[in-house]
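Numbering of the sequence shown is given in this note's numbering, commencing with residue 227 and proceeding in unit increments.
Read the hints as simulated data drawn from the structure, not as lab findings. Since we're looking at a predicted model, the values are computed, not measured. Virtual Cβ for every residue (Gly too), placed ideally from N, Cα, C. Mixed in with the good hints there might be a few duds.
Unchecked claim - Simulated crosslink set (EDC-like; lysine to aspartate or glutamate; CA at most 16 Å straight-line): (1) 568 with 486; (2) 568 with 495; (3) 424 with 324.
Unchecked claim - Computed beta-carbon distance windows for the label pairs: (4) 542 with 416: 33 to 41 Å; (5) 261 with 383: 50 to 58 Å; (6) 382 with 486: 48 to 56 Å; (7) 636 with 570: 34 to 42 Å; (8) 636 with 688: 19 to 27 Å; (9) 488 with 404: 52 to 60 Å; (10) 490 with 415: 26 to 34 Å; (11) 543 with 452: 27 to 35 Å; (12) 523 with 379: 55 to 63 Å.
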Amino acid sequence: MEDRKVRVRFAPSPTGPLHIGGVRTALYNYLFAQSHNGDFVLRIEDTDQTRFVPGAEDYIINSLKWCGIQPNEGQGFGGEKGPYRQSERKGLYKEYVDRLIDSDHAYYAFDTSEELDQMRENAKKMKMPNWQYNGVTRGSMKNSLTLPAEEVKQRIDSGDDYTVRIKMPRNEEVRFHDEIRGWVIVNTNNMDDKVLFKSDGMPTYHMANVVDDYLMEITHVIRGEEWLPSAPLHVLLYRFLGWEAAMPKFAHLPLILKPDGNGKLSKRDGDRLGFPVFPLEWTDPATKDISSGYRENGYFPDAFINMLAFLGWNPGTPQEIFDLDQLTAAFSLDRVGKSGAKFDPEKTKWFNQQYLRSKSDDELGKILAGFVEGEFDPSFLANVASMMKERASFPIELASGEYFFQAPKEYDEKTQRKKWKAETPDRMKALAQTFEGVEPFSSDNIEASFKQFLEDNELGMGAVLPNFRLLLTGKGVGPSMFRIAELIGKEETIKRIATGIDRLA
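With these hints in hand, go ahead and build the complete structure from the sequences.
If you want it as structure tokens, here you go:
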């Protein structure tokens, strides 16, 4: 095992949009593979065709591409161990199912769903609410362990529906070491005879999962905590198929929890508290309902990934900002926690804010250009972005200073009520006359002229600056007024003061 090349896989089901918990699983697999010079495989587990949702597979692939989590091989990426879509591997599984039956580790079961429901109902009436198909009950059911061999053959030959169930041994301890949780020990008396295969030729998740991991030479299975109860069954399948030496190491990741209260983060929590739980926007093909995505909400993919990495892992240092290469260098499974990680929407915004601020003014100017109408000089846009980025968490907020691009049409009522006095119009006209003589019209010169005006007229900052801002921007708060004035220019500054005075008269 130690000599094998590290190979991990992300194996989502195409049953809907990819939850951020799934993206985190993909990320941790990717980081683990990269840090060990290994391979990261994308496999689509679509054995349950009844739950297949059109468009979900493309959504999964596009989400990983947007995040920068690039598989080395897999569905949509090529590779030598495909097909990577389980429905296209259908012909592979029966050989291994037959091997389990021949070695007395599995058996045919012919019980109908109605009969199984009736057994559960009878058990409830007898105060046995958690009835299971297992070593105790299988003897009273219709299967190849209770029916004559001739009848079993006749039923199969005549096309009767059947399932193949694992023959769970009695009172045996299944032990395996989880890379995150340590030793896990489960007694087989607490496990049921899970269905492995159906007469339509499709395996269940458990059978397909183990066979595919073996054939694709997967060395480490890194997946969500919800799969921990299935791991003992998978360990037994490796043993029963004679593959113990090739069994991967397991690591079960902690849940991502809702921000308030307990329990796993769900779409309902996002809808209720106003944040996305999917990487990209998703339109339900059946209902046409639209679910918001991080991309469409203005998050940078690297900020989104950085945030996700910290939901269950920490580097052991105060550093919080990591790009993908830095995460790869720092990541290890021994720093992944066992307990659930609470999702924090505000911290998520903080990460995006840090990435926005880290970009150059020229970069942000190009981003800003996508949010404003008309053609503007790149250096002008870069200057606007430079002034707005300290107040922005999202790219669209760079454009919240619409006063850079046009004169205000409305004026903040609160500032008017508090600061606009009878003497204000004359003061502002006098200030405009002062600005006429400022040359060059730079922020430093504008500020010096402004302060000289206050001193000459024995006025405080609060008597003039809020009204100056109101006339130029229509707002009560914002970036440096002297930089704003420089950016819009002397002529526009004086014009806005005159226009504003008329409008507020």
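Enumerated hints in conflict with the structure, sorted upward: 9
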